[in-house]
Amino acid sequence: MNTHLPNAKEIRERAADWLQRRNFWNWSEADQAELDAWLAQSPSHMTAYLRVQAAWENTGRLTALRSIRPAQRPAPKSRRVLPLLMGVAAAAAIAAVVGSSSLSAWFGPDVKTYATKVGGHEILKLADGSEIELNTDTVLRTSMQPHERKVWLERGEAYFQVKHDEKRPFVVLAGNDRVIDLGTKFTVRREPHRLQVAVMEGRVQLQSKTASGKEHSVALARGDVVVSAGGVLPVVKKSETQLEKDVAWRSGELVFEGATLADAAREFNRYNTDKIVVAGTGVAGLTIGGKFAKNDIAAFAELAQHVLGLRVERAGNIIVITR
Amino acid sequence: MGETPENGRETADLRRSAGMTEDGINGWFVREVLPLEAALMQFLRRSWPNKSDIDDLAQEVYARVYEAAREKIPQPVKPFVFTIARNLLIDRVRHEQVVPIEAVADLETLGVAVDAPGPDRNVMAQDELRRLQAALEKLPPRCREVVVLGRIEGLSGKEISQRLGIGASTVSEHLATGMNTLADLLFGDEAEHGRKP
Numbered sequence: 001m002n003t004h005l006p007n008a009k010e011i012r013e014r015a016a017d018w019l020q021r022r023n024f025w026n027w028s029e030a031d032q033a034e035l036d037a038w039l040a041q042s043p044s045h046m047t048a049y050l051r052v053q054a055a056w057e058n059t060g061r062l063t064a065l066r067s068i069r070p071a072q073r074p075a076p077k078s079r080r081v082l083p084l085l086m087g088v089a090a091a092a093a094i095a096a097v098v099g100s101s102s103l104s105a106w107f108g109p110d111v112k113t114y115a116t117k118v119g120g121h122e123i124l125k126l127a128d129g130s131e132i133e134l135n136t137d138t139v140l141r142t143s144m145q146p147h148e149r150k151v152w153l154e155r156g157e158a159y160f161q162v163k164h165d166e167k168r169p170f171v172v173l174a175g176n177d178r179v180i181d182l183g184t185k186f187t188v189r190r191e192p193h194r195l196q197v198a199v200m201e202g203r204v205q206l207q208s209k210t211a212s213g214k215e216h217s218v219a220l221a222r223g224d225v226v227v228s229a230g231g232v233l234p235v236v237k238k239s240e241t242q243l244e245k246d247v248a249w250r251s252g253e254l255v256f257e258g259a260t261l262a263d264a265a266r267e268f269n270r271y272n273t274d275k276i277v278v279a280g281t282g283v284a285g286l287t288i289g290g291k292f293a294k295n296d297i298a299a300f301a302e303l304a305q306h307v308l309g310l311r312v313e314r315a316g317n318i319i320v321i322t323r
Numbered sequence: 324m325g326e327t328p329e330n331g332r333e334t335a336d337l338r339r340s341a342g343m344t345e346d347g348i349n350g351w352f353v354r355e356v357l358p359l360e361a362a363l364m365q366f367l368r369r370s371w372p373n374k375s376d377i378d379d380l381a382q383e384v385y386a387r388v389y390e391a392a393r394e395k396i397p398q399p400v401k402p403f404v405f406t407i408a409r410n411l412l413i414d415r416v417r418h419e420q421v422v423p424i425e426a427v428a429d430l431e432t433l434g435v436a437v438d439a440p441g442p443d444r445n446v447m448a449q450d451e452l453r454r455l456q457a458a459l460e461k462l463p464p465r466c467r468e469v470v471v472l473g474r475i476e477g478l479s480g481k482e483i484s485q486r487l488g489i490g491a492s493t494v495s496e497h498l499a500t501g502m503n504t505l506a507d508l509l510f511g512d513e514a515e516h517g518r519k520p
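Line order of the protein sequences matches chains A and B.
Quick note: the first sequence uses the numbering used here, first residue 1, plus one each step.
Quick note: the second sequence uses the numbering used here, first residue 324, plus one each step.
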């Protein structure tokens, strides 16, 4: 074995220095090669880098919470789900941490924040003619600069119809991923550790950074759907009708075809403060189809009860479906 | 942002670990191993007399776990990590003359200590926001200001430097210190232990 322990302090300082260089300063391919070489030198280097990077990624949650504060649509008080209540409390707490200076000063004058509540749906018309449609429980910020248009998708899902302008790129940022418009209509859906991009029209470029800081890039065309999780970018081709089902929320609907009960319940739960829980062996895997109003949990429960012969019980705002 | 395909590098990574890409191992390490850090640190503190070694020991445990994962992802992960930690301590006692005698006696109890419940990070999700907030609070004021500008407003290093009228290397130092302190506060057991970052 090694007779000398690694000097953790030194290695961790070095790892943090790499991370800040990579995230905050000009970063060339030569820099990346140098970082790769350093990481390959020793598992101590790699693990120290992964550690500081994971912590830094984690702090991204704070961003999401804080950005609700100066929102033009304030976070609703009616949210009943515990984590969200905590979120609001934490947001207030963070505001206190940052200090007495006006919150908007932290965001710059041109950055605007928009938020929808659970079950919400808003259409945002931008001055350049582009439109952003916010789905349920979504938070995003926009910055419309003369040379660049930026949208940070903090959480949730949005449908983008972008007026393409080569001199003024339109970029959607979500965690480690960047979606660059190349003339297009597309959706971006952000969940913890997962990002889905679907292209309805035109083309986009998706760039994704992996845990070790490598960059992957993929060009997407009409009908392409990609899920980015941990930097792997598998592209699936979907038909027009399939794509339409995926964005049925734009007209207030949820459309399922051969979806498992668990997946359908998860979709409903995104839009409703009443939550469906599917329990018991073999229940979650049952498949269903149909078109529902996004808030019509009753219709869904009825289908489970009468068509699939399952038991439906309600306890407060939880609806339990079992055999 | 480069768009160069990285096929060459990907192939190399695949060869290094049968069945698991480097990104796969990295993701596993972040998801499964890092959340054990507080428990690991407590275990090391309890078991090792020289407190100034603790960070180094933890770092070495990580390196060994990671190295082992390149061959095969260990399942379940928690006992594996603590076995590595335990073996590392035994190695240190054997190879390092500076360890006081009583540490050797303590080794007998290590097997038991492994099973001692650490803070359960799976139920930490709710706690995490408070932790993050507390972590930010603990940063020195200037450092916090730089971190907030960089992380929340999304300014680049250069923009932070201009906004605050401080040099680029100072910005870099604050960012690196902030990142490391946040990592200690989020993953380590400082909160329980009360150690100053």
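Don't read these hints as lab results, they were simulated from the structure.
Heads up, a few of these hints could be off.
[As the list claims (entries may be wrong)] Dumping the calculated PhoX-like pairs for lysine-lysine here, alpha-carbon to alpha-carbon at most 25 angstroms:
#1 A:K125 <-> A:K112
#2 B:K395 <-> A:K214
#3 B:K481 <-> A:K150
#4 A:K112 <-> B:K481
#5 A:K167 <-> B:K481
#6 A:K117 <-> A:K291
#7 A:K214 <-> A:K163
#8 A:K238 <-> A:K163
#9 B:K461 <-> A:K214
#10 A:K125 <-> B:K395
#11 B:K374 <-> A:K209
#12 A:K214 <-> A:K245
#13 B:K395 <-> A:K9
Going down the list of hints, with the structure as the test:
1. Distance hint between K125 of chain A and K112 of chain A is fulfilled; the C-alpha atoms sit about 13 angstroms from each other, no more than 25 angstroms.
2. Between K395 of chain B and K214 of chain A the CA atoms are separated by roughly 23 angstroms; this keeps the pair inside 25 angstroms, and the hint holds.
3. For the given pair, K481 of chain B sits about 19 angstroms from K150 of chain A by alpha-carbon distance, which is consistent with the 25 angstroms threshold.
4. At most 25 angstroms may separate the alpha-carbon atoms for a hinted pair to count; K112 of chain A and K481 of chain B meet this at roughly 23 angstroms.
5. For a cut-off of 25 angstroms, the pair hint linking K167 of chain A to K481 of chain B stands: about 23 angstroms separates their Cα positions.
6. Using a Cα cut-off of 25 angstroms, the hinted pair K117 of chain A and K291 of chain A holds, with the two alpha carbons roughly 23 angstroms apart.
7. About 31 angstroms separates the Cα atoms of K214 of chain A and K163 of chain A, which puts this hinted pair outside 25 angstroms; it is violated.
8. Only pairs whose Cα atoms come within 25 angstroms are accepted, and K238 of chain A paired with K163 of chain A is accepted, the gap being roughly 24 angstroms.
9. Restraint check for K461 of chain B and K214 of chain A: not satisfied, since their Cα atoms lie roughly 31 angstroms apart, outside the 25 angstroms limit.
10. For the suggested pair K125 of chain A and K395 of chain B, the alpha carbons sit about 52 angstroms apart, so the restraint of at most 25 angstroms is broken.
11. Restraint check: the Cα-Cα separation between K374 of chain B and K209 of chain A comes to about 37 angstroms, which exceeds 25 angstroms; the hinted pair is violated.
12. Distance hint between K214 of chain A and K245 of chain A is unfulfilled; the C-alpha atoms sit about 34 angstroms from each other, more than 25 angstroms.
13. Using a Cα cut-off of 25 angstroms, the hinted pair K395 of chain B and K9 of chain A is violated, with the two alpha carbons roughly 28 angstroms apart.
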